Each structure stands twice: as C-alpha cells, then as structure tokens.
Amino acid sequence: MNCNNVNRSFVALLSIFFIVSCKSYDVRMLEAMSESGDHKAQGNLGFMYQYGYGVRENYNESLKWYKLAASDGDPLAEGTVGRLYFEKQDYKNALPWFKKCALHDIQSGTERKMEQAILACQGMVGTMYLYGQGVPVNKPEAKVWLKKAADQGEGSAQCYVGDFYYLDRDYKSAYPYLQSALEKGCANAAKYLSDMYNNGFFVEKDSQRSKELYEKYLRLKSYD
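Sequential numbering from -1 applies to the sequence shown in the numbering used here.
Keep in mind that a hint or two might mislead.
[To be verified] Straight-line distance between alpha carbons at most 27 angstroms, and here's what the computed DSSO-like set of lysine-lysine pairs gives:
| no. | residue 1 | residue 2 |
| --- | --- | --- |
| 1 | Lys146 | Lys111 |
| 2 | Lys62 | Lys141 |
| 3 | Lys146 | Lys203 |
| 4 | Lys145 | Lys62 |
| 5 | Lys141 | Lys111 |
| 6 | Lys90 | Lys65 |
No lab work stands behind these hints: they were computed from the structure.
Because the structure is a prediction, the values reported are computed rather than measured.
Build out the structure end to end from the sequences listed, making use of the hints.
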C-alpha cells in the first residue's frame, strides 16, 4: 500500500455488505418493506439498485434508498451516500455525509462492518481536507481526522500519520505509526523506516535492517 493511494483505499473500504441480507428477499418484498419504513430493507434495496441485483442499475434510485436508510443514523448507509457522491466527483455533497458517518463513536459492541465504515469515513474526511476535495486544502484538519482513524488501528490512516510526522522530522512520533502501517502493507512506511535505520533517526543505526526495509518497500511498491 502506498499512502498516496490512501484516498482510494478508504473508498474501497466503503463497499457495502448488504448483499448477505439481499439474498433473503425478492425485490417486491424489499420494496414493500422499504416503503413501510424498514431502514435495513432500504439499505438492501439501495445496494440492489447500485449493483443491479434483481433490478436494472439505477444511480438515482440507489441514492434515494441509501439516504432513507441513513435517516436512521446508520453509519454504513451514511458512508455509502458519501461514496456515491464522491465517485461522481461531487465532493461538496460527499463531505457532509462522510462527516456524519465519521462522527459516530466506536463502542466495544460495535458491529465490525459498522466500525470499518466509521474508520473509512474518518479517513475520507481527512484525505478530502488534505487534497482540497470540496473544501480548501487544510493539512492540520486533515491530520486531526486521519489521526482519529489511525489511533483506532486503521492501517491506511496510520500510513498517512506516520508520513506527516516523518516529513516534519518528528521521528519519535512517526515511528509507532510507521511500524503499525508497515505491518499492514504500507510501502512508504518501509521506505521511511529504512531511512530512519540508515541514518539513526530515533532508532539505533542499522544498515542491514535499513537494506531489508528498503527491499520490502520495493516489493510493496510493485503491488500498487
């Protein structure tokens, strides 16, 4: 993983897992349940229109049903509405939906797919501030959101936060983020750690370890 691709990585994480539920219903049943206000059914129906399961693909119908599902405060649906806007490069509409999702707290009993959606949305908000997508570029704000995700274990965000600290020459702060990001496949983490071992930045100088890390960087980089 190259952290320059982290924006793309967060979008990929927002793939919705409604399909498991969709298999249990036919379209007419889902439509009836959705019309009666069943938010889970609305999310499933949005998924079916998004990907053409049992119906013709229809962006507007998909967006409509996801928005209705999101009205119940479902972070997965909120994140997907943001994703649909983002993929159309409608960043101004995407950002508020990502923020809604990103502001949810992750509790000990939070369902895994909900947790992933929240972390992905925090990352999306961060990268949109970083790249100026729908908002002026704001690196401090980007760092706040990416650090929020990174501190909860999100690997792509750890890659970016480590990158921030490294480029600011705060090697002590950079090291744990880079180490965690490396374990999750971040190419830049391997490169920066290689440089730290080569020069003795925060860590003891170790040319062999530096060489191993740089070789790992080249391998990871080839996958991007």
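Hint-by-hint comparison with the structure:
Annotation: proposed proximity of Lys146 to Lys111 holds, straight-line Cα distance about 18 angstroms (limit 27 angstroms). Restraint check for Lys62 and Lys141: the C-alpha separation of about 32 angstroms exceeds 27 angstroms, so the hint is violated. The hinted pair formed by Lys146 and Lys203 fails the criterion: a straight-line CA distance of about 31 angstroms is larger than 27 angstroms. In summary, the hint linking Lys145 to Lys62 is not supported, as the alpha carbons are separated by about 32 angstroms, beyond the 27 angstroms threshold.
Pair hint Lys141 plus Lys111 holds up; C-alpha atoms about 24 angstroms apart against a cutoff of 27 angstroms. A distance of roughly 16 angstroms separates the Cα atoms of Lys90 and Lys65; the hinted pair therefore holds under the 27 angstroms criterion.
The structure shown violates the earlier hints numbered 2, 3, 4.
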